[in-house]
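**Student:** We have chain H; now place chain G onto it with these hints.
Number of protein chains: 2
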Amino acid sequence: MSIRVIHVGLGPIGERVLRQVIERAGFEAVGAVDIDPGKVGRDVGELIGLETPQGIVVQGDLESALATTSADIVALCTRSALESVMPDLEAILTARLPVVSTTETLAYPHRAQPELSRRLDALAREAGVAVVGTGVNPGFAMDTLPIVLTASCRRVDSIEVDRIQDAAKRRLPFQQKIGAGLDPEVFRERVARGVLGHVGLGESIAMIAGALGWELDRITDVVEPKLAEGPVTCGMIPVATGQALGIIQDGAGYRNGEPLIRMHMEAYLGAPDTIDTVRIQGSPNLTSTVRGIEGDVATAAITLNAMPRALAAPPGLRTMADLPLVSWWSGAEPVAC
Amino acid sequence: MSIRVIHVGLGPIGERVLRQVIERAGFEAVGAVDIDPGKVGRDVGELIGLETPQGIVVQGDLESALATTSADIVALCTRSALESVMPDLEAILTARLPVVSTTETLAYPHRAQPELSRRLDALAREAGVAVVGTGVNPGFAMDTLPIVLTASCRRVDSIEVDRIQDAAKRRLPFQQKIGAGLDPEVFRERVARGVLGHVGLGESIAMIAGALGWELDRITDVVEPKLAEGPVTCGMIPVATGQALGIIQDGAGYRNGEPLIRMHMEAYLGAPDTIDTVRIQGSPNLTSTVRGIEGDVATAAITLNAMPRALAAPPGLRTMADLPLVSWWSGAEPVAC
Numbered sequence: 001m002s003i004r005v006i007h008v009g010l011g012p013i014g015e016r017v018l019r020q021v022i023e024r025a026g027f028e029a030v031g032a033v034d035i036d037p038g039k040v041g042r043d044v045g046e047l048i049g050l051e052t053p054q055g056i057v058v059q060g061d062l063e064s065a066l067a068t069t070s071a072d073i074v075a076l077c078t079r080s081a082l083e084s085v086m087p088d089l090e091a092i093l094t095a096r097l098p099v100v101s102t103t104e105t106l107a108y109p110h111r112a113q114p115e116l117s118r119r120l121d122a123l124a125r126e127a128g129v130a131v132v133g134t135g136v137n138p139g140f141a142m143d144t145l146p147i148v149l150t151a152s153c154r155r156v157d158s159i160e161v162d163r164i165q166d167a168a169k170r171r172l173p174f175q176q177k178i179g180a181g182l183d184p185e186v187f188r189e190r191v192a193r194g195v196l197g198h199v200g201l202g203e204s205i206a207m208i209a210g211a212l213g214w215e216l217d218r219i220t221d222v223v224e225p226k227l228a229e230g231p232v233t234c235g236m237i238p239v240a241t242g243q244a245l246g247i248i249q250d251g252a253g254y255r256n257g258e259p260l261i262r263m264h265m266e267a268y269l270g271a272p273d274t275i276d277t278v279r280i281q282g283s284p285n286l287t288s289t290v291r292g293i294e295g296d297v298a299t300a301a302i303t304l305n306a307m308p309r310a311l312a313a314p315p316g317l318r319t320m321a322d323l324p325l326v327s328w329w330s331g332a333e334p335v336a337c
Numbered sequence: 338m339s340i341r342v343i344h345v346g347l348g349p350i351g352e353r354v355l356r357q358v359i360e361r362a363g364f365e366a367v368g369a370v371d372i373d374p375g376k377v378g379r380d381v382g383e384l385i386g387l388e389t390p391q392g393i394v395v396q397g398d399l400e401s402a403l404a405t406t407s408a409d410i411v412a413l414c415t416r417s418a419l420e421s422v423m424p425d426l427e428a429i430l431t432a433r434l435p436v437v438s439t440t441e442t443l444a445y446p447h448r449a450q451p452e453l454s455r456r457l458d459a460l461a462r463e464a465g466v467a468v469v470g471t472g473v474n475p476g477f478a479m480d481t482l483p484i485v486l487t488a489s490c491r492r493v494d495s496i497e498v499d500r501i502q503d504a505a506k507r508r509l510p511f512q513q514k515i516g517a518g519l520d521p522e523v524f525r526e527r528v529a530r531g532v533l534g535h536v537g538l539g540e541s542i543a544m545i546a547g548a549l550g551w552e553l554d555r556i557t558d559v560v561e562p563k564l565a566e567g568p569v570t571c572g573m574i575p576v577a578t579g580q581a582l583g584i585i586q587d588g589a590g591y592r593n594g595e596p597l598i599r600m601h602m603e604a605y606l607g608a609p610d611t612i613d614t615v616r617i618q619g620s621p622n623l624t625s626t627v628r629g630i631e632g633d634v635a636t637a638a639i640t641l642n643a644m645p646r647a648l649a650a651p652p653g654l655r656t657m658a659d660l661p662l663v664s665w666w667s668g669a670e671p672v673a674c
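Chains as they are written, first to last, in our numbering: chain H, 1 to 337; chain G, 338 to 674.
Which stretches of chain G does chain H cover? Using the computed rule of at least three CB atoms under 8 Å from a CB of chain H, they are:
# : segment
1 : 635 to 642
2 : 656 to 667
Derived Cβ-Cβ restraints for the label pairs, each shown as a range:
#  : chain 1 : residue 1 : chain 2 : residue 2 : range
3  : H       : Asp157    : G       : Arg433    : 36 to 42 Å
4  : G       : Asp610    : H       : Glu224    : 33 to 39 Å
5  : G       : Glu463    : H       : Glu115    : 40 to 46 Å
6  : H       : Ala25     : G       : Ser401    : 52 to 58 Å
7  : H       : Asn285    : G       : Thr614    : 17 to 23 Å
8  : G       : Gln618    : H       : Gly230    : 35 to 41 Å
9  : H       : Pro314    : G       : Ser667    : 23 to 29 Å
10 : G       : Ser667    : H       : Ala312    : 24 to 30 Å
11 : G       : Asp373    : H       : Glu23     : 55 to 61 Å
12 : G       : Pro521    : H       : Gly257    : 56 to 62 Å
13 : G       : Tyr591    : H       : Pro37     : 51 to 57 Å
14 : H       : Thr241    : G       : Glu566    : 54 to 60 Å
15 : H       : Leu50     : G       : Thr626    : 33 to 39 Å
16 : H       : Thr94     : G       : Thr614    : 44 to 50 Å
Think of the hints as simulated: they come from the structure by calculation, not from any bench. Glycine included, C-beta positions come from ideal geometry on N, C-alpha and C.
Excised from the complex, chain H in its bound form (with noise of 0.2 Å):
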């Protein structure tokens, strides 16, 4: 038996998880909502670029969906900020159905947002369901990952995580995104209005501070352009000398002035290699390098991969670090359906 999904969002990430769940055995794409005019009332393997239609066709609104859709879980992919795409959940968890959420922010929103989680805890646990936020970055390779990790330690006194892209490997409205061709002071205004930089640092911070029972002071985020030397055409925005290329971006968790948790990512035009690195100083030191997480890719796998463990878990708010391990499966053998 399939787990029957209804793809709510079908923009870059949420196309990717429909893709995915059409093409994945144990997955089953049974609804699709997006609020684009232009996707509204077409078939979902047209929207898509496959040869076949599905036999789904997008609907305009969520509510009507949810009521006329037999499902067992709604893939969630719209925005990045949890109190954005409230009300959707709201309308999600009044039809009782789990969520799993590429929104970056509810990837651990226990720090930040206390009492919006409070709120969805309480709506999860009335409805009988779970509410999963995830992805690959926040949700994995700077939380999930260094929390793991820190398995094997007997003592850990600080981490470091660092992410490195090649963004022009990536698609063009991540390029976009992560500001490539913006003059610098157009780069800085647009992150000085929060519209520019990766969302979600704070979060993984967070997670990896709870998963460890550390209390942080205070979390910081502070993004920065990568300013090209010459002009670069690697990417499919061409970039000129003096423009940005992309982000630096730095972060930290403090703890009594100390910097227990620092993250680094870099995301730019031409970066020299698609890595993942964490650094544990504790008992024992580890160091741990993975190279291949792929943004795009990556973020949709994950999304069906938690799928079978937010269908199994107790009723609630939870996170990568409350479910059991989350792993590609086969679809062989229905984990939790």
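**Tutor:** Coordinates of chain G only, in the frame set by chain H:
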């Protein structure tokens, strides 16, 4: 409030677990049991070389220790084979205490010992507590870690795990366990009798397959000696030319003749590095390396780190693949008690 631990088995690993329980915040040693007459009656602090006695005397009788000690959990660190620890597990479950154990074949007994697994699961459910087998290997480096890494994959075709360890840095019993200093014929005779080689490779393979939903036809596990090409003196056992420095062990899990999971271990005196590598073939391809996962410290650490999860887990036989993420924790905020 600390987690109160009764220690059963004070061999090399049990002693290390005890030491961490005494030294780490969030844990408290409340009892100790060993069958060695040379240990019974001694204070555990004196036994492990601490300056101050701990007021806990090693007892020789498990049932009487369980009956007279208020505790939250038992750390069982005696033998490698599940069948040999069943009487102790039954006594502990009769006392309605959860168990975390370093018994290697308990890490994932479902495949090799289905009947014993069912019986243990039933006993644990009756007792209303969880039983967890863990350790660095099996339990972490060659199973939990690769399982977690697949979370970012949309497809997994095969998994290769290598664990290389310089045995010269390990304790004497470990150097003996891997056959250092043995003549090849003695080495092979011991392997044939099943008393030499790493225990748990098959369990790691079965755990990965179970998590991913792969039905395996068969699992192989072959131990060969790594022979010295000249005299080697870097360990605690001098090794002459042609004698064994340690083990090279290869395992595989097959489906339809294809090795979906391959494991390679090298543990010998003078091995070039201590490194754990995971290669996942699929989409995307991933390569992970971790340096620093130290066998003895890590096995003891993970035993403690699994305790909060074991206390909060649903009753029954649990594995590292069933529990929410096991991580180091500061003890500042008891997770489960």
